[in-house]
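So the sequence lines, in the order shown, correspond to chains P and L. So that you can map any letter, position 23 of the first sequence is 23 in my numbering, and since no number is skipped, the others follow by simple counting. So that you can map any letter, position 23 of the second sequence is 1023 in my numbering, and since no number is skipped, the others follow by simple counting.
Don't take each hint at face value.
[To be verified] List of simulated lysine to any residue pairs, SDA-like, C-alpha gap at most 20 Å: (1) 1326/L to 181/P; (2) 326/P to 1183/L; (3) 1326/L to 243/P.
[Stated by the list, open to error] Computed Cβ-Cβ distance ranges for the label pairs, DEER-style: (4) 1268/L to 392/P: 32 to 38 Å; (5) 27/P to 1376/L: 47 to 53 Å; (6) 1317/L to 27/P: 49 to 55 Å; (7) 1380/L to 9/P: 37 to 43 Å; (8) 1404/L to 421/P: 55 to 61 Å; (9) 376/P to 1046/L: 30 to 36 Å; (10) 61/P to 1012/L: 46 to 52 Å; (11) 1229/L to 359/P: 56 to 62 Å; (12) 275/P to 1358/L: 50 to 56 Å; (13) 230/P to 1268/L: 55 to 61 Å.
Quick caveat, the hints were computed from the structure, so don't treat them as lab data. Owing to the predicted nature of the structure, the values given are computational and were not obtained by experimental measurement. Glycine included, C-beta positions come from ideal geometry on N, C-alpha and C.
In case you want the letters, here they are:
2 protein chains.
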Amino acid sequence: MLDAALRDGTANRECVFELFARKLPNDRRYGVVAGQGRAMEALKHFRFGDDELEFLAQQRIVSDETLQWLADFSFSGSIRGYREGEAYFPQSPLLEVHGTFAEGVILETLLLSILNYDSAVASAAARMVSAADGRPLAEMGSRRTGERSAVAAARAAYIAGFSATSNLEAGRSWGVPTMGTAAHSWTLLHDSEADAFRSQIAALGADTTLLVDTYNVTEAIRTAVEIAGPSLGGIRLDSGDLPVVVREVRELLDDLGATETAITVTNDLDEYAIAALAASPVNSFGVGTSVVTGSGAVASGMVYKLVSRRAEDGSWVPVAKASPGKASVGGAKVPVRRREDGIASAELIALGTEPIGDHDDRPLYVDYVTDGEINPAWLGTEGVASAREHCAMALAELPRTARRLGAGDPALTTYFVHDDGSLNRA
Amino acid sequence: MLDAALRDGTANRECVFELFARKLPNDRRYGVVAGQGRAMEALKHFRFGDDELEFLAQQRIVSDETLQWLADFSFSGSIRGYREGEAYFPQSPLLEVHGTFAEGVILETLLLSILNYDSAVASAAARMVSAADGRPLAEMGSRRTGERSAVAAARAAYIAGFSATSNLEAGRSWGVPTMGTAAHSWTLLHDSEADAFRSQIAALGADTTLLVDTYNVTEAIRTAVEIAGPSLGGIRLDSGDLPVVVREVRELLDDLGATETAITVTNDLDEYAIAALAASPVNSFGVGTSVVTGSGAVASGMVYKLVSRRAEDGSWVPVAKASPGKASVGGAKVPVRRREDGIASAELIALGTEPIGDHDDRPLYVDYVTDGEINPAWLGTEGVASAREHCAMALAELPRTARRLGAGDPALTTYFVHDDGSLNRA
Chain P
1 MLDAALRDGT ANRECVFELF ARKLPNDRRY GVVAGQGRAM EALKHFRFGD DELEFLAQQR
61 IVSDETLQWL ADFSFSGSIR GYREGEAYFP QSPLLEVHGT FAEGVILETL LLSILNYDSA
121 VASAAARMVS AADGRPLAEM GSRRTGERSA VAAARAAYIA GFSATSNLEA GRSWGVPTMG
181 TAAHSWTLLH DSEADAFRSQ IAALGADTTL LVDTYNVTEA IRTAVEIAGP SLGGIRLDSG
241 DLPVVVREVR ELLDDLGATE TAITVTNDLD EYAIAALAAS PVNSFGVGTS VVTGSGAVAS
301 GMVYKLVSRR AEDGSWVPVA KASPGKASVG GAKVPVRRRE DGIASAELIA LGTEPIGDHD
361 DRPLYVDYVT DGEINPAWLG TEGVASAREH CAMALAELPR TARRLGAGDP ALTTYFVHDD
421 GSLNRA
Chain L
1001 MLDAALRDGT ANRECVFELF ARKLPNDRRY GVVAGQGRAM EALKHFRFGD DELEFLAQQR
1061 IVSDETLQWL ADFSFSGSIR GYREGEAYFP QSPLLEVHGT FAEGVILETL LLSILNYDSA
1121 VASAAARMVS AADGRPLAEM GSRRTGERSA VAAARAAYIA GFSATSNLEA GRSWGVPTMG
1181 TAAHSWTLLH DSEADAFRSQ IAALGADTTL LVDTYNVTEA IRTAVEIAGP SLGGIRLDSG
1241 DLPVVVREVR ELLDDLGATE TAITVTNDLD EYAIAALAAS PVNSFGVGTS VVTGSGAVAS
1301 GMVYKLVSRR AEDGSWVPVA KASPGKASVG GAKVPVRRRE DGIASAELIA LGTEPIGDHD
1361 DRPLYVDYVT DGEINPAWLG TEGVASAREH CAMALAELPR TARRLGAGDP ALTTYFVHDD
1421 GSLNRA
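Generate coordinates for the entire structure from the input sequences, incorporating the hints supplied.
If you want it as structure tokens, here you go:
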């Protein structure tokens, strides 16, 4: 496309692309958009180097003119969009990329890859945080997603309210608090379970967490308290019928005097399993596969569409496709979250140029890139910390229906607002 | 764990770890293991650099002794396992890592991340290739998975029989054939659909493929053939009720004299949608979301367990955990595929030291790393080409039940073979 557009001159047409989701996955009540900070870091380094250009040239994939354009590429347009960690709904215009067609189209796959995956994780994580009702969750799923996606997943889960990750690289590169855990191999490595526990306590102190389900849970807990004493920090359960086992384990620990010893569970948990443990004496959760795979929706289904282009006469032309089931809404947009008494009540998307904003409306766009200059506020570890804070605020503001785990309508209805003030449902 | 093991001396115990899946996802008939070549490339570069060590030191995550060990780390053990592209079944011992506990445990997450994701893609892709029954498939899902996983997905789909990818980086780094396609934005960018088609043909020739569902499919096809002539290469459909639309489009193209113009479809296809088009005049398929997300099973569920360690007296001690529902089978293993008249009939896993191999048994282990030396045969583009060839052979050898898309028992039963020759079902 780039090659043909450079050839026919349309490559330089001024365009607006929009990144949005037509619907929420699995009829959830809300989504959490994430990845913007990562996308901006990626944009900062988005260049075509010698190796890439040589490959394109050798394979004759693009013309010499296009090779030159790619060699010189550096994004000079503007990007605005929802804050990272913001709640989103069907048709929420999550990112708006404004630049030439060539600049916009070349970012499409990068932006979608990052936002689709990171938002899938953040959206699932937020539901788990909500189901855990104040008890901390650790992300432990690195091994169940691609090795680089694992770092992104730890970051996204943290933004959505998880407390920590077992992915050390996410700690290093994004400032996510890290934690570790003993695996079954630790117990199997030693001549006995008692040896394994003794060694772990010698290295990490009695307030460590011992994994107790390698052989027999009851025996392991007796051994653990015998070795560590009643001040044992915690035990971890990774198998069995958790609501039953957790109750038995709590009783046993209490009987042994280890009343302060915490119980961590980690057995293929998702938001439903966490909710089912609401009344169980669990102190913390470790979540693996389900959070890094978006709990049944690993791709958020976000798309990136050309919505407006400037005509020869300088006017903007809204454009939209009419494909059945996949129609898009033309024109640049400005979204706000309508609030009533501090509670969000609707997602309003202005199609016109008139400002909207009665009531207590909260504007949803922030600037990510202005004429090629990336706003540093959203980058690095500070960007992550501010996204996490923003997410907590945005979710607290949603109506209570948002907390329902079952399938249903979005917690907020999305309306397009026309220049004359009339509304229509998205 | 590493820290505590270095402290108590068990870090240097000689161990065997095994990577395997307890079951196939979604009751499929077979899986395709992939990622070994990528894992070996990753292993080649698996070092702890100054930035990583500084982070671990600053955060006091490990002791100084462990920091030194990490700084000096370079894998000196051995790895053998199934060839990349091989079919696998429940309990197939896909990789065996032999080294000290410290060396083995530190590779766990890296190996699992890569094999779990790449195998999920390859396993889904193989079913799609089988459903397409000889018609070519292109992988076009980069935007629906993490930006680095996208490259791995293109590679894994190619190994499993896809013909090409839209991910240029997979072409550059792994030799996967690449292709491109015009998006709806291409049509929307231009003043008219006719302008868009004219420009594309001017740039790419009449044998290009035009996307015809931006506005009205019938009109678009008439326009396309008018501009390109009856030698138009192809048209792409990305929406609508495909079995119906494809038939109508074929008739229309034939009526217009464009009898050789190919039809490509790309509308949220998975193996079931592809199978439903078996009798439709589709020439090729483009698959996005479903292949890069493993078509409903994005994590293969592979685990990595300590299965054997050497005791003080030099003897090997098989070890296994007994956790309910997650028990493992101790001891190092040697697998073969039993064949009868050229057709695979069982997965045999020898637990003992006696060689097994009657009939036409095919040994399943190859050497990936020997005493720290990585076998170059499985690396780079040559590794990919040989994995693709091997995959075609291994799948052709499976019994016909393997081609069934519906849920059911694995196409082969896995048996453990004891030293005395007795078998038991895994």
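Discussion item. A range of 47 to 53 Å was offered for this pair. Does it hold for the Cβ distance of residue 27/P and residue 1376/L?
Written reply: Roughly 50 Å apart at Cβ, these two residues keep to the hinted range, so it holds.
Worksheet item: Between residue 275/P and residue 1358/L, is the Cβ distance one that fits in 50 to 56 Å?
Response: holds (53 Å)
Item to complete: Take the C-beta atom of residue 1380/L and the C-beta atom of residue 9/P, compute their distance, and say whether it sits inside 37 to 43 Å.
Response: Check passed, 40 Å falls within 37 to 43 Å.
Fill in: 46 to 52 Å as the expected CB spacing between residue 1012/L and residue 61/P, which holds or is violated
holds (51 Å)
Worksheet item: Keeping to a limit of 20 Å between CA atoms, is the pair of residue 326/P and residue 1183/L held or broken?
Response: holds (13 Å)
Item to complete: Determine whether the Cβ-Cβ distance between residue 1229/L and residue 359/P falls within the hinted range of 56 to 62 Å.
Response: holds (59 Å)
Worksheet item: Taken at face value, is the distance from the CA of residue 243/P to the CA of residue 1326/L at most 20 Å?
Response: holds (18 Å)
Practice prompt. For the range 32 to 38 Å, tell me whether the beta carbons of residue 1268/L and residue 392/P fit it or not.
Written response: Holds, since residue 1268/L and residue 392/P (Cβ atoms, about 34 Å apart) stay within the stated range.
Practice prompt. Could you tell me whether the CB distance from residue 230/P to residue 1268/L stays inside 55 to 61 Å?
Written response: With Cβ atoms ~57 Å apart, the hint holds.
Worksheet item: Taking 49 to 55 Å as the hint, is the beta-carbon distance of residue 1317/L and residue 27/P inside that range?
Response: holds (51 Å)
Worksheet item: Is the hinted range of 30 to 36 Å satisfied by the C-beta distance from residue 376/P to residue 1046/L?
Response: holds (32 Å)
Worksheet item: Is the Cα-Cα distance between residue 1326/L and residue 181/P 20 Å or less?
Response: holds (18 Å)
The structure meets every hint from the earlier list without exception.
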